[in-house]
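Q: Sequences listed follow chains D and A, in order.
Each position in the first sequence, counted from 1, maps to that position plus 175 in the numbering used here.
Each position in the second sequence, counted from 1, maps to that position plus 46 in the numbering used here.
Since the hints were made in silico from the structure, they are not lab data.
We put the CB at the ideal spot given by N, CA and C, even for glycine.
One or more hints might be untrue.
Dumping the calculated EDC-like pairs for lysine to aspartate or glutamate here, alpha-carbon to alpha-carbon at most 20 Å [what the hints assert, rightly or not]:
id, chain 1, residue 1, chain 2, residue 2
1, D, 193, A, 153
2, D, 383, A, 167
3, D, 193, A, 167
4, D, 202, A, 152
5, D, 193, A, 154
6, D, 204, A, 60
7, D, 204, A, 150
Ranges of calculated distance between the beta carbons of each label pair, as one might list FRET restraints [claimed, not checked]:
id, chain 1, residue 1, chain 2, residue 2, range
8, D, 334, A, 54, 49 to 59 Å
9, D, 266, A, 54, 41 to 51 Å
10, D, 364, A, 97, 20 to 30 Å
So the chains spell out like this:
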Amino acid sequence: MLLDLHTHSIKSDDGRAKVENYCQWIKSKNLPIDGFVLTEHRQFDNESDYSALGEKYGLVILKGSEVETEYGHILVYGVTPALQEEFDFANIRIPLQTVLAACEKHGAVAAPAHPGRPRVGMFAHTDELGIPEGVGIVEVYNGGSRDQEDQIAQENAASLGYRGIGGSDSHIVSHVGRCATRFEQDIQSIDDLVAALKSGEFEAVSLKND
Amino acid sequence: MVVAKISDVEFGVDLPTFEPDTSLATAGKFATLVGWGGARFTDHEAARKEGLPGAMVPGILSQGYLVAMIHNWAPDAEVRSIDTVFRAPVIADEKHSISGVVTDIDEDERRVEIDLTVSNEKGETRVFGTAVIELPA
């Protein structure tokens, strides 16, 4: 099962894609992904229910978040009301250890996004701040990466023993599905996704040239 | 294919790729004309001294190219909005291409939404955005 784990819709300040248009695009272009996770910037979208849309298009549509820390951007999967009480998602400098501890406490998964990117990626900060405790998964394929960003992410992930995920980081419709994560398990819910990420049975894939 | 009316448009169709003039001469001339005179648009070496990878094409010139691309495809389109996110500078004298694709059609309102991406030769997205255009019935 192939899921794009990093997408943004018009709910994000820099997102320009409507969720139904993502679905139409995936189907009309026969993209090989089975669904996607909406990881809106600095928030969790408590309002939207995409289950009917997912059913209509035969896609799994899940919700996560992309929060901001002193180590850069962090994808969070398995956001619950209780987890949202632990820190302010809108804060642009949440301590990474706060995010990791809250995720651990509430059964969620945190994964640094585009960690090879200057300024907003984790490995841009490890020389100064050190290697953070508690990271186990990082995004090693990001559809918006430039230069050597993915390579930096992959090399550091390999040397530190991190597992890698992939996501398109799409902000417009036609960028969805550029990178994804392949799972052995069937995933239909956010609980399934969190369990699969915790199992470690997944691999990042790039579909940029397909 | 040139599009004349809303019924000509199909979801997912690619607009013809557009290769913008990103020469330093044009970037510098444009910047000067619009009052953005500055070395970052006219001189690679001076731009590097400012910490940039090279002299840049002004963002509003890139937006102009996006509109030009749309009008090459649909000459009678009224461009209602161009909404861009500048991810990285468009460096002058480097070859770039602009791609566009139809991602939403509202036949009742005769409006079409287009994804727009400015990429360099390595395929890296430098600018992305969307345009909303209106076409004749």
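Q: Assess, step by step, whether the Cα of residue 193 of chain D is no farther than 20 Å from the Cα of residue 153 of chain A, and give holds or violated.
A: holds (17 Å)
Q: Do the alpha carbons of residue 202 of chain D and residue 152 of chain A lie within 20 Å of each other, as the hint requires?
A: Given that 20 Å is the threshold and the Cα spacing comes to 19 Å, the pair holds.
Q: Measure nothing beyond the straight line between the CA atoms of residue 193 of chain D and residue 167 of chain A; if it is 20 Å or shorter, mark the hint as holding.
A: Distance ~29 Å between residue 193 of chain D and residue 167 of chain A Cα, so the pair is violated.
Q: Take a quick look at whether residue 204 of chain D and residue 60 of chain A sit within 20 Å of each other, Cα to Cα.
A: holds (12 Å)
Q: Quick check: does the Cβ-Cβ distance between residue 334 of chain D and residue 54 of chain A fall within 49 to 59 Å?
A: With a Cβ separation near 54 Å, residue 334 of chain D and residue 54 of chain A satisfy 49 to 59 Å, so the hint holds.
Q: Verify the proposed pairing of residue 204 of chain D with residue 150 of chain A, using a straight-line Cα cut of 20 Å.
A: Holds: residue 204 of chain D and residue 150 of chain A sit about 14 Å apart, inside 20 Å.
Q: Does the Cβ distance between residue 266 of chain D and residue 54 of chain A fall inside 41 to 51 Å?
A: holds (48 Å)
Q: Can you confirm whether the C-alpha distance between residue 193 of chain D and residue 154 of chain A stays at or below 20 Å?
A: holds (18 Å)
Q: The hint says 20 to 30 Å between residue 364 of chain D and residue 97 of chain A; measuring C-beta to C-beta, is that right?
A: Once the Cβ atoms are compared, 46 Å apart, the range 20 to 30 Å for residue 97 of chain A and residue 364 of chain D is violated.
Q: With the threshold set at 20 Å, check whether the alpha-carbon distance from residue 383 of chain D to residue 167 of chain A stays at or below it.
A: holds (14 Å)
The structure fails to meet hints 3, 10 from the earlier list, while all remaining hints are met.
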